[in-house]
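*Asks:* Protein chains in written order, with my numbering: chain A, 1 to 428; chain B, 1 to 312; chain C, 1 to 190.
Quick caveat, the hints were computed from the structure, so don't treat them as lab data.
Quick reminder that beta carbons are idealized off the backbone N, C-alpha and C, glycines included.
A hint or two may mislead.
Stated by the list, open to error - Once the Cα atoms are required to be at most 30 angstroms apart in a straight line, the calculated BS3-like pairs of lysine-lysine come out as:
#1 A:Lys314 - B:Lys6
#2 B:Lys39 - C:Lys96
#3 B:Lys123 - A:Lys399
#4 B:Lys231 - A:Lys131
#5 B:Lys38 - C:Lys96
#6 A:Lys314 - B:Lys123
As the list claims (entries may be wrong) - If you want the ones that stay clear, here's a sample from chain B, every Cβ over 12 angstroms from chain A, calculated:
#7 Asp73
#8 Lys155
#9 Lys256
Listed below, chain by chain, are the residues.
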Amino acid sequence: MKRLVKNGRVVDPQSGTDDTLDILLDGGRIARVEKRIPEKGAEVFDATGMVVAPGFIDMHVHLREPGFERKETIASGLAAALAGGFSGVCCMPNTRPVNDNASVTQYILDRARSCSPVRVYPIGAVTRGSKGEELAPYAEMREAGVRAVSDDGHPVASSAVMRRALEYAGSLGLLVIDHCEDLDLVGDGVMNEGPVSVRLGLHGIPAEAESIPVRRDITLARLTGQRVHIAHVSTRLAVEAIRAAKKKRVPVTAEATPHHFSLTEAAVLGFDTNTKMNPPLREQDDVDAVIEGLADGTIDAIVTDHAPHAYEEKMVEFDRAPSGIIGLQTAVPLALDRLVRTDRISLKRMVDAFSSAPARLLGLEGKGRIQEGADADLTIFSLRKETCLAPGDIKSLSKNSPFLGMKLKGAVMAVIIAGELYSAAKKG
Amino acid sequence: MSFAHKHLMGIEELSAEDIALILDTAEKMSEVSRRPLKKVPALRGKLVVNLFFENSTRTRSSFEIAEKRLSADTLNFSASTSSLQKGETLVDTVLNLERMQPDCYVIRHASPGTCQLIHPFTKAALVNAGDGTHEHPTQALLDAMTIRQKKGDFKGLEVLICGDISHSRVVRSNIFLLSKMGAKVTVCGPATFMPPHLESLGVTATTDFERALRGKDVVMMLRIQMERQTKGLFPSLLEYYKTFGLTEERLRLADKQVIVMHPGPINRGVEMASEVADGPYSVILDQVENGVAVRMAVLYLLLGGSEDEAAR
Amino acid sequence: MKRKTLFDAAGIQRSLGRLALEITERLQGCEGVVLIGIHRRGVPLAQRIARLLEKAEKARVPVGSLDINLYRDDFSTVGAAPVLRGTQVDFDISGKTVVLVDDVLFTGRTVRAALDALVDLGRPARVQLAVLVDRGHRELPIQADYVGLSLNTRREDHVELLLKETDGEDALILESAASAARAGSEGKRP
Numbered sequence: 001m002k003r004l005v006k007n008g009r010v011v012d013p014q015s016g017t018d019d020t021l022d023i024l025l026d027g028g029r030i031a032r033v034e035k036r037i038p039e040k041g042a043e044v045f046d047a048t049g050m051v052v053a054p055g056f057i058d059m060h061v062h063l064r065e066p067g068f069e070r071k072e073t074i075a076s077g078l079a080a081a082l083a084g085g086f087s088g089v090c091c092m093p094n095t096r097p098v099n100d101n102a103s104v105t106q107y108i109l110d111r112a113r114s115c116s117p118v119r120v121y122p123i124g125a126v127t128r129g130s131k132g133e134e135l136a137p138y139a140e141m142r143e144a145g146v147r148a149v150s151d152d153g154h155p156v157a158s159s160a161v162m163r164r165a166l167e168y169a170g171s172l173g174l175l176v177i178d179h180c181e182d183l184d185l186v187g188d189g190v191m192n193e194g195p196v197s198v199r200l201g202l203h204g205i206p207a208e209a210e211s212i213p214v215r216r217d218i219t220l221a222r223l224t225g226q227r228v229h230i231a232h233v234s235t236r237l238a239v240e241a242i243r244a245a246k247k248k249r250v251p252v253t254a255e256a257t258p259h260h261f262s263l264t265e266a267a268v269l270g271f272d273t274n275t276k277m278n279p280p281l282r283e284q285d286d287v288d289a290v291i292e293g294l295a296d297g298t299i300d301a302i303v304t305d306h307a308p309h310a311y312e313e314k315m316v317e318f319d320r321a322p323s324g325i326i327g328l329q330t331a332v333p334l335a336l337d338r339l340v341r342t343d344r345i346s347l348k349r350m351v352d353a354f355s356s357a358p359a360r361l362l363g364l365e366g367k368g369r370i371q372e373g374a375d376a377d378l379t380i381f382s383l384r385k386e387t388c389l390a391p392g393d394i395k396s397l398s399k400n401s402p403f404l405g406m407k408l409k410g411a412v413m414a415v416i417i418a419g420e421l422y423s424a425a426k427k428g
Numbered sequence: 001m002s003f004a005h006k007h008l009m010g011i012e013e014l015s016a017e018d019i020a021l022i023l024d025t026a027e028k029m030s031e032v033s034r035r036p037l038k039k040v041p042a043l044r045g046k047l048v049v050n051l052f053f054e055n056s057t058r059t060r061s062s063f064e065i066a067e068k069r070l071s072a073d074t075l076n077f078s079a080s081t082s083s084l085q086k087g088e089t090l091v092d093t094v095l096n097l098e099r100m101q102p103d104c105y106v107i108r109h110a111s112p113g114t115c116q117l118i119h120p121f122t123k124a125a126l127v128n129a130g131d132g133t134h135e136h137p138t139q140a141l142l143d144a145m146t147i148r149q150k151k152g153d154f155k156g157l158e159v160l161i162c163g164d165i166s167h168s169r170v171v172r173s174n175i176f177l178l179s180k181m182g183a184k185v186t187v188c189g190p191a192t193f194m195p196p197h198l199e200s201l202g203v204t205a206t207t208d209f210e211r212a213l214r215g216k217d218v219v220m221m222l223r224i225q226m227e228r229q230t231k232g233l234f235p236s237l238l239e240y241y242k243t244f245g246l247t248e249e250r251l252r253l254a255d256k257q258v259i260v261m262h263p264g265p266i267n268r269g270v271e272m273a274s275e276v277a278d279g280p281y282s283v284i285l286d287q288v289e290n291g292v293a294v295r296m297a298v299l300y301l302l303l304g305g306s307e308d309e310a311a312r
Numbered sequence: 001m002k003r004k005t006l007f008d009a010a011g012i013q014r015s016l017g018r019l020a021l022e023i024t025e026r027l028q029g030c031e032g033v034v035l036i037g038i039h040r041r042g043v044p045l046a047q048r049i050a051r052l053l054e055k056a057e058k059a060r061v062p063v064g065s066l067d068i069n070l071y072r073d074d075f076s077t078v079g080a081a082p083v084l085r086g087t088q089v090d091f092d093i094s095g096k097t098v099v100l101v102d103d104v105l106f107t108g109r110t111v112r113a114a115l116d117a118l119v120d121l122g123r124p125a126r127v128q129l130a131v132l133v134d135r136g137h138r139e140l141p142i143q144a145d146y147v148g149l150s151l152n153t154r155r156e157d158h159v160e161l162l163l164k165e166t167d168g169e170d171a172l173i174l175e176s177a178a179s180a181a182r183a184g185s186e187g188k189r190p
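The whole structure should be built from the sequences, with the hints applied where relevant.
*Replies:* Here is the structure:
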């Protein structure tokens, strides 16, 4: 079946296209991208007044299955991804069991295919059980479909292990994603160390707890000549270290989350556990640095770090609550509202950070571009329509978000995956 | 004027007028404690639940006496005897207690923000009796009552707070209160006991104890918890005493009319010399006495109004 | 709202003089007599009466003040907690004749609370009540022993005593809400 996406503002960061064009999809591929393509024989989607971008890929999602199905399942997580405008997601390996071998990878892929059109790229563990000791079987996992490895949530403390991981993963073309956190320095910290932590009497996590391991990873990337990708960058110190390294052509890349460019530590003032994240919400200067980093490409990708936690897990004392928030359905509206609407980054850069950059980093052929022959994966959104999500609108099993009820300018209208249309428009 | 708050979660939410009203009321309450028959019927038929998730015999006793002097019914719910050991969440504990129709919870808990967590789940008034290292408002109020009795006013007073600033539950409440009332606060301690960004609370922070003592009207020494030593925050108690212990000699650096305070319990020979603790400048036992009056005042002001009208 | 001044400063002072005279007559001097004023305006009244007694009898009459707020029976229905003025009775009342002093006797609830407050302080030989105005409408079986002025009022009227010590001037005022209230209710009737 043919599908024609008409009159949309097509933004393709890879070719630099930003023009009102029609896109003809055929057989799961993009057949033509031109002005005024005849409608005959095609199902038409009128994208007038909307932006049409390459399908968005979220490189950092916790789907929680297997093992934590009370928080989220692959089905509910992918439903949230689809509603949030994503045609693909990478799921982190901190499940139970940990995704440190091909059979877990295969399980995740099978489950995903059975319940959702959203493409899933599982991320394998760096070390067995994410214990930071022995390397996981990368080749076997790569065979099963893994494109990157990470011990997200359990930072690789040993520099020697990290060096070996970079060398070995690099030789297989796998990206190593590192959650940079110096646990010694974190101690019993539960929020950013700054004026707010002093006021609230909550133990602080200094920015250096992130920047020290970031600098170590940069040094190891230089040593090995292999790529390292810094997960959820939250501090100016880290952004500046990465910028300087990129200038020296060290193969380092980075990502940032919507909450780290939308909120400061001030959000913690009411002790809402939905403002407890890891890395923590930082100060305004850090937020500015993250946005600058996104604008100039120091930070390559926007990711959600979608981290569902059940109601009862979050409804506890702040220092005892688990870290993290869901983000799949708020990421695109937040980026449009806080970054594009305010002119802090261009629409093209925003689209790049959500689509082309992840495709590039993960080596996904046919993704992240709107060109003839590319995969027919598209994300279609409006710059003008408002998003305001109630708990009932959330597809995730968990509703742990500080953004519910917030009015954001910008909304996902539809996702197309392999030529199939999934409309995000609310019914009724 | 009247008290417009339904809860006492922290000093931060109070105005200078609120604080003055609590202190004025506390002064009146102390008369009740000096009578042969130390009881008034003001809170007859009110149920106050003392929810103590941390051991604190002093604070709990002081609250309990205050409650009893006002004729409230009291229920002591402490962690060691409670279902918390069995894994019940704090919110569930409160939801259960709620059906016993309490009028007030007095809460001591190790986690900052406990009152804020409970707040949506209760109709009762909440009194924070110390939430982790966040606030301990009644301690700051009893300190203020003691200072006001000795100094008359707070305007321009130079106050030094010395000790484990990082892990103190009383220091923040004291900083908020004294700043609101116009005093000038300096905090002092070993660098490892001083969190960064203290200046953002409007205080002067220093590690030079002797210099900080100069000309001070009020010196408040904080308790050093022995277990901090094992965490590597300071080398030894002896070294602490040598550097930050308040001796008679050091006290001479302060104003001639200085008063010495301590929230208790004191480690003699660690935070201060016995001669200082028992000396003429010490008002430590006045603090204890004022604790009951301040807590009576808080309970009276919070539980006095009808629900609709007193709620903000 | 009609506002009528019943007594000016001289009238109040005359009335207090009569009260003092009655007290000394009835108690045959002021041996063993203590005065305790009920906050707020009972306190300055007690002090004034004491001065009159001391002048007439050439003897010291101890004066105390009583805050009844901690003894109220409407504690949980009043808006916010009433401001405490404090109880100050620096002498032993046990075995004494206590004359409670208040400005206006109305429902009797204040006096009820005052009696409770008083027995917590000691065991007087007897307790009497002196008021400047008795305006009727009792809700409890309480009567004054000494009354400056008996007033016929409507329940919704407002009787207010102003004193130099608390208000800057001496005056006894009757605010009659009657006409206004009637007009209002009639207006609403269909």
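*Asks:* Each of the hints needs a verdict: does it hold here or not?
*Replies:* Status of each hint after checking the structure:
Proximity of Lys314 of chain A to Lys6 of chain B is assessed by CA-CA distance (about 26 angstroms); at most 30 angstroms being required, the pair is judged to hold. Annotation: proposed proximity of Lys39 of chain B to Lys96 of chain C holds, straight-line Cα distance about 22 angstroms (limit 30 angstroms). Straight-line distance between C-alpha atoms of Lys123 of chain B and Lys399 of chain A comes to about 25 angstroms, which keeps the hinted pair within the 30 angstroms bound. Between Lys231 of chain B and Lys131 of chain A the alpha-carbon distance is near 25 angstroms, which keeps this suggested pair within the 30 angstroms criterion.
For the proposed pair Lys38 of chain B and Lys96 of chain C, the alpha carbon gap of about 21 angstroms is at most 30 angstroms, so the pair holds. At most 30 angstroms may separate the alpha-carbon atoms for a hinted pair to count; Lys314 of chain A and Lys123 of chain B meet this at roughly 22 angstroms. A cut-off of 12 angstroms between C-beta atoms confirms that Asp73 of chain B is not in contact with chain A; the least separation is 28 angstroms. The claim that Lys155 of chain B lies off the interface holds: its Cβ sits roughly 24 angstroms from the closest Cβ of chain A, which is beyond the 12 angstroms cut-off.
At the 12 angstroms boundary, the C-beta of Lys256 of chain B stays outside the reach of chain A, the nearest C-beta of that chain being 33 angstroms off.
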